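Construct all of the structure, not just a fragment, from the sequences and the given hints.
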Amino acid sequence: MLILLIVICVVTAVFRPRFVEPGNLANIIRWTSLYGVMGIGVAFVIITGGIDLSIGSMLALVGCLFGVTMAQYNLPPAAAICLVIAMSTLLGLVYGLLITKLKLQPFVVTLCGLLILRGLARATAGGSSVGGFSKLGYLINYEWGSVPVPFLPWINEGYWSFHKWIPSRGDQPGHFALNDAGERIGLDWYDWVPLHPPIIYLAVIAVVAAILLNWTVFGRHLKALGKNEQAARYSGVRTDTMVIISYMICTCLAGVAGVLFSIDIGSVMPSTFGNFYELYAIAAAVLGGCSLRGGEGSIIGVVIGTAILRVLQNSIEMWSIQELEFAVVGGVILIGVIADEIARRIIAARRARQEAALLEKQTA
Amino acid sequence: MLILLIVICVVTAVFRPRFVEPGNLANIIRWTSLYGVMGIGVAFVIITGGIDLSIGSMLALVGCLFGVTMAQYNLPPAAAICLVIAMSTLLGLVYGLLITKLKLQPFVVTLCGLLILRGLARATAGGSSVGGFSKLGYLINYEWGSVPVPFLPWINEGYWSFHKWIPSRGDQPGHFALNDAGERIGLDWYDWVPLHPPIIYLAVIAVVAAILLNWTVFGRHLKALGKNEQAARYSGVRTDTMVIISYMICTCLAGVAGVLFSIDIGSVMPSTFGNFYELYAIAAAVLGGCSLRGGEGSIIGVVIGTAILRVLQNSIEMWSIQELEFAVVGGVILIGVIADEIARRIIAARRARQEAALLEKQTA
Amino acid sequence: AIGCSSESNPSGTSGGGGTAKYDFPVTHGKYTVVALRSDSGNHDRAKQNAEAAISKYPNLNCMVGLYAYNPPTILRAVENAGKLDDIKIVGFDEDIETLKGIEEGKIFGTVVQQPFLFGFKSVEYLSALVRGEEVDVPESKIIYIPHRVIRPDNAAQFKADIEQMMAGKAPAPKLERDDYDTKEPVSLAFLTNTVDPFWDLAEQGVRCAEPIFNASCDVYHPPTASAEEQKRFIERKLNDDCQGLALSPIDKENQQTLINRACEKMKVICHDSDAPETNRLFYIGTGNYLAGRAVGKLVKEAIPDGGEVAIFVGKLEQLNAQERSSGVIDELLDRPIPPEYAIGGDAAAEAAESKSE
Amino acid sequence: MPLLEVCNVSKRFPGVKALKGVSLSIAAGQSVAVIGENGAGKSTLMKILAGIQTPDEGEIKLDGRPVEIRNVRDAEKFGIALIHQELNLCDNLDVAANIFLGKEPRTFGFLRRREMERRASEVLRQVGLDIPPTASLASLSIGHRQLVEIAKALASDAQVLIMDEPTSSLSTGEVENLFRVIRTLRDRGVSVVYISHRLSEIHHVADRVVALRDGCNSGELEKDQITHEQMVRLMVGRDLDQFFPHSPHEAGEVVLSARGVRVRGNGAYPIDLQLKAGEIVGLAGLVGAGRTELLETLFGVRRTLGGSVEVAGQAVRLQSPRDAIAAGLFLVPEDRKQDGLVIEMTVGENITLPGLMRASTAGMLPTRWEKTTADEMIQKLRIKTPGPGQIIQFLSGGNQQKAVIAKWLAIGPKVLLLDEPTRGIDIGAKHEIYEMMEQLAHQGVAILFASSEMEEVIGMSDRMLVMHEGRIAGELRRDQLSEEAIMRLATGATTAATT
Ligand SMILES: Nc1ncnc2c1ncn2[C@@H]1O[C@H](COP(=O)(O)OP(=O)(O)OP(=O)(O)O)[C@@H](O)[C@H]1O
Ligand SMILES: Nc1ncnc2c1ncn2[C@@H]1O[C@H](COP(=O)(O)OP(=O)(O)OP(=O)(O)O)[C@@H](O)[C@H]1O
Ligand SMILES: [Mg+2]
Ligand SMILES: [Mg+2]
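For the record, the sequence lines run as chains A, B, C and D. First residue of the first sequence: 1, per the numbering used here; consecutive thereafter. First residue of the second sequence: 1, per the numbering used here; consecutive thereafter. First residue of the third sequence: 1, per the numbering used here; consecutive thereafter. First residue of the fourth sequence: 1, per the numbering used here; consecutive thereafter.
Worth flagging that the hints you see were computed from the coordinates, not collected in a lab. Values in this document were obtained by computation on a predicted structure and should not be read as measured data. Among these hints, one or two may not hold up.
[Said to hold, decoys possible] List of simulated lysine-lysine pairs, BS3-like, C-alpha gap at most 27 Å:
#: 1; chain 1: C; residue 1: 56; chain 2: C; residue 2: 297
#: 2; chain 1: C; residue 1: 265; chain 2: C; residue 2: 300
#: 3; chain 1: D; residue 1: 337; chain 2: D; residue 2: 380
#: 4; chain 1: B; residue 1: 135; chain 2: C; residue 2: 100
#: 5; chain 1: D; residue 1: 20; chain 2: D; residue 2: 61
#: 6; chain 1: C; residue 1: 183; chain 2: C; residue 2: 169
#: 7; chain 1: D; residue 1: 337; chain 2: B; residue 2: 101
#: 8; chain 1: D; residue 1: 17; chain 2: B; residue 2: 103
#: 9; chain 1: C; residue 1: 159; chain 2: C; residue 2: 297
#: 10; chain 1: C; residue 1: 300; chain 2: C; residue 2: 106
#: 11; chain 1: D; residue 1: 337; chain 2: A; residue 2: 103
#: 12; chain 1: D; residue 1: 384; chain 2: B; residue 2: 361
#: 13; chain 1: A; residue 1: 103; chain 2: D; residue 2: 17
#: 14; chain 1: A; residue 1: 101; chain 2: D; residue 2: 17
#: 15; chain 1: A; residue 1: 135; chain 2: C; residue 2: 106
#: 16; chain 1: D; residue 1: 77; chain 2: A; residue 2: 101
#: 17; chain 1: C; residue 1: 106; chain 2: B; residue 2: 135
#: 18; chain 1: D; residue 1: 17; chain 2: D; residue 2: 223
#: 19; chain 1: A; residue 1: 101; chain 2: D; residue 2: 103
#: 20; chain 1: C; residue 1: 183; chain 2: B; residue 2: 135
#: 21; chain 1: C; residue 1: 83; chain 2: B; residue 2: 135
#: 22; chain 1: D; residue 1: 17; chain 2: B; residue 2: 361
So, in structure tokens, the structure goes:
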């Protein structure tokens, strides 16, 4: 999957040098971070063998509530954030209870959730869009640092591309090494990509999630129960509790993502905000190696999967083929999944052949 | 479920008498028919234990192609219809092959389908909406007959409602029995509800589907395979072929629905046409008793499920609470599913008690 | 009676535009507005809304469709219900089917904007601004492009014009000045608010202007009409070598920061829908409110004896929908034109009147 | 004083009363065998002890104090561990993780992997399984998985260890090893409850035998009373005459002949074999010897890597089970719940499933045929069911197995492949299945019959093939059959064929 990511990046960079513009890279990083938070949440649910189709609606509801509580009830932002995240977590509890205690199917429950939450979002917002997040913009846009990335200017200025030299605008700083007199003497060989807070959020959440999944008893139980619920239950794992917790993690992270998205986008339109985001999150998790049959998945995979989707989307925009956007994204996911499947088969076949050869040798 | 349907109808009729207006009933019937076609298709896939998330996009693609082939390539409508339905059926074949031969998960495949088809639809339409279906309007709107339904005028005119008498416009015929001089002497006790072609389409498709499912070997095999694919395969059922066929049925019916919807609505906006229709179709199937775990489902159930959703939506319209629409629809599905589950438990418990009593008696 | 709710959100978000909150049905004199229904931009929803309204309000006299796709869907719904004689239809925008309906006498009339001019003028002004040339902008920072009223008499001619535009063969409109300097190529962007035939006309205008002003212009139609898509586009343009941007903000108040950010980097103007609180240089477009009032006048003509009116729009969250609908309602209720729309508006309205007659 | 005491426990399920006032007591350091026919309620009783199910009535006492076992955790607290009849492992985790699932050594919720692996390799050694604790479970055969399951129970350091048919997929050597483990545990003072349908094993492990019949206690045997006949009488309620109803068969023409068939996996050695009409051929071997794979390959479930198969002289291309079925070659699979039956469908629907297509005209359901066939088969095989409309899930194991066989009898087999047909079913049902095999052989059906139970393969076969590591190590005629001869071939001690 990492390979796929790199391929997409390189191809885009070569043919559309503007892709590696620091600002553009910063954008991609920011979006990846935001979507990644969502993806990590849904990964937990997918690992238990469940699904959450209501993330998009959850985003809308959280966004609307967030805006409305701040504006209408004059809650301080911090309190509003806590409130909406608590609410989203509670909704996860409800899902979990319905799924474990009433034995309803996750698909059905979260499908209803999708509809209900969207409806509540519209009711909350009362038919108009919700805003007023701009004062919190620093949570997303504060530039706390930047990293140097080599070669960017070269690619950017077309040295490496098949395209003609693109005359740069004179007022754009940073690309050229200047001599003392301020004249251009050559291209810098690196450029600064600015970093914004979302990457920190993602990093923190991803690290915590990865630890939770791989190093704790909780994670172990989660995987066991995702693969074979009965076995886990017979071994004394509190399967119901685990499932409920995983839904709570998912909706909680969806709540966090909802807050971040609404701050980032700045306005929440209750009827369209977050439409189909659940599909993006699920697609990212699947691309990242989570199996919808449960029991498998890695956090770093999810992050890479999200990055693929974001880079792809940006790349499509660079190529100006927005009309095909969905088709390309869908196609890439499909190809990724097919390639994965084929690779797995080839490996299995090769291993079988090797083992056969080994056996032959042993017996000979 | 039928009970739920009737309850919703009665409550709406009592509190919002305009609900039983013949024209409104005709609308509901028409919409139910159109959505029903889609729902029946997806029921087949659900019975095999699969899912099709791409119906909405399929609708959009079919609609766009339909319009474009007619307008741009001047195909006669019949040819265009055949062409697009053939194409949608072919797509089902592709899904089926990917799912059976490459062993990909239906969720993933059709999720990609959702994106890809939507993208293709947009590319086909070239960014604008597609129209030109009005000359085919007779396929939807031709009034071929009508049925008398008793009591409608009474309810409609407020005799049975808790609301005040609604003065009818004088020029509205049919409601009143007239004396020879043309004066009103009383309310007619029945009214004519017009019938349009869609109900025929639905009836034909539903009857064929029901026969297929309940009276043929194909249907039996389908159910067996939905419950336990491996056992079915070990019993000589062509599981792969069956799965492929069920996807083809589903996409074919989605194609038919796409054609009908585009004629009915008259213009196809590639980016929003059919959004979330797959969810409506799946919800209808689930409300109608299909289990997403596979193996269970009835066609009449699906039709009733669709009717519930449509009536509900109309009823919401009548109550003027559109903002809560999604919430109400989702809530009703959830309540329906929960009620179903609880009813099942109660029945199981009661049967257990009866049996225990019986056993006791036998042994005594 | 929630269906209306173009109430402005207390958070001071959108929903402004001078719209008061209405409690439907509102009655004034002969006219009653029974409902204002939105469909989130879904055509199927639009048709369902129209059908439901016909059933729900037996005494409906007039239906008004304010987004381009509304009038044709209303027409079909009315036709199917067999109520063409009872219900008059008044439209907005120049959908081909709307125009056909007018020709056939099924639709009473429509008020059209001139998106072709939006596109053309945007490129004209932006390329001049980018090259540092002077542009005549009125005090109000609003350049009105007059709307037109289409009735059966001028429908055929107008339809022909539109077809010509769509084919890319429309003659270029008159330029403001004829001494533009067009040596240096400029790179511009034209951002609309959704995918619609309406915006195709605007794009044609842009394309028509590109060679004349030696500009290359990236036109983007956000497919799901969301603020997010607009944001992504603008952010991309910020990192591009784009020098001028003309946009139709979807949610002006909450996009303020974004638009102001763009203003720092390039020349920004608004078209179609304004964002007056930002640093955008000026606004080109129809006065949506005044166009709404023109629709209201058409309604009055259509049902001179008064009656029930239902209004259908796409996204009530959008300013143009709010302005248009309040224009219609205010006209029907004989409210005065709020001062903020009166600026420069009278002249525009008169221009519209004279043009259509 | 008994360590664990069960008093008058009852349990109802929808449709059946699984336990009707059963009592059981176990002293510390004692091993008790629980026997009974299928559906007698053994597993249910054990599940109640392990906290998986709760009793409707009755009491459980530990050290004389009544306790309530509400869930698995409670059972663990009281020192009760259960090895399930069905495998309950997660094949996405490694062996160590499976062994310690639910009781991982931890500090603040973090896993202590090192310690886990150390202790896991310890218990693995105890059960005689020579694999690293980090091996992935997916790579193990059923037999090895069963051993892992046993190791899992051992790792819990339980006071009472319950084994529900632990040996059903183990080979002789592994069974011996298990007995040794049980004896050492017993010497350490651990109580062992042992359930098995292989009555011969019971002599080796049991201090006492408790028999259940139809959910009631039907008697107990002390160590010195344990004999085969006694046990059978307690289980079935009557004496059974000759156990293996074997009579010599007339071998007819060759109906199945496989030449150079290479089975995917496990070495892909070419395999030759021939089956004559009216012959019962046993297929013996240790766990993982490749019997299931061979049978599945012959049935078309697995793709062959080469070779040819002929049925009644006609070459068959084995692409899918359909091809095999079309040729009259049927398999009764090892795992009847997963492969043999659609357990949520009715008895009738299951029995008629393979024959529907043949009996139908124009694809319509042959309703009349369905009904007559189902009734006929239920009668012929004496399937105990309220009727053909009963959901097959609610039948006991033996009756389910009969239904699987009925599926094939309904459409007339030429060759019947049976993979562990008596696995986990009771002695009465076993007997009926043996009789059926006899009958079929006399009707000219060729039967290839894989089983891990020495006695029954020896008792039932006219001829036996023994497999070792994916190849046929040798063939034994009926007069050569003995446990020693088989073991010699099965362990690869002599590679030369004895014929
Ligand atoms: N979860 C369940 N639901 C319904 N019936 C059940 C359930 N579990 C067991 N039964 C029924 O209870 C009875 C006793 O089953 P149990 O598994 O205890 O028998 P057993 O003695 O272990 O048989 P076997 O030797 O086949 O394992 C059987 O008739 C079985 O069908
Ligand atoms: N699906 C599978 N994937 C990988 N390996 C397998 C699979 N099935 C069987 N094997 C391997 O093939 C070998 C033979 O297994 P097989 O089940 O045929 O043995 P068997 O003699 O029937 O034993 P058993 O008594 O367990 O049925 C074993 O080593 C097993 O690990
Ligand atoms: Mg048992
Ligand atoms: Mg086997």
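Against the structure, the hints come out as follows:
no., hint, verdict
1, C:56 x C:297, "25 Å, holds"
2, C:265 x C:300, "47 Å, violated"
3, D:337 x D:380, "22 Å, holds"
4, B:135 x C:100, "13 Å, holds"
5, D:20 x D:61, "18 Å, holds"
6, C:183 x C:169, "25 Å, holds"
7, D:337 x B:101, "24 Å, holds"
8, D:17 x B:103, "42 Å, violated"
9, C:159 x C:297, "22 Å, holds"
10, C:300 x C:106, "17 Å, holds"
11, D:337 x A:103, "22 Å, holds"
12, D:384 x B:361, "21 Å, holds"
13, A:103 x D:17, "25 Å, holds"
14, A:101 x D:17, "25 Å, holds"
15, A:135 x C:106, "51 Å, violated"
16, D:77 x A:101, "25 Å, holds"
17, C:106 x B:135, "16 Å, holds"
18, D:17 x D:223, "30 Å, violated"
19, A:101 x D:103, "24 Å, holds"
20, C:183 x B:135, "51 Å, violated"
21, C:83 x B:135, "19 Å, holds"
22, D:17 x B:361, "13 Å, holds"
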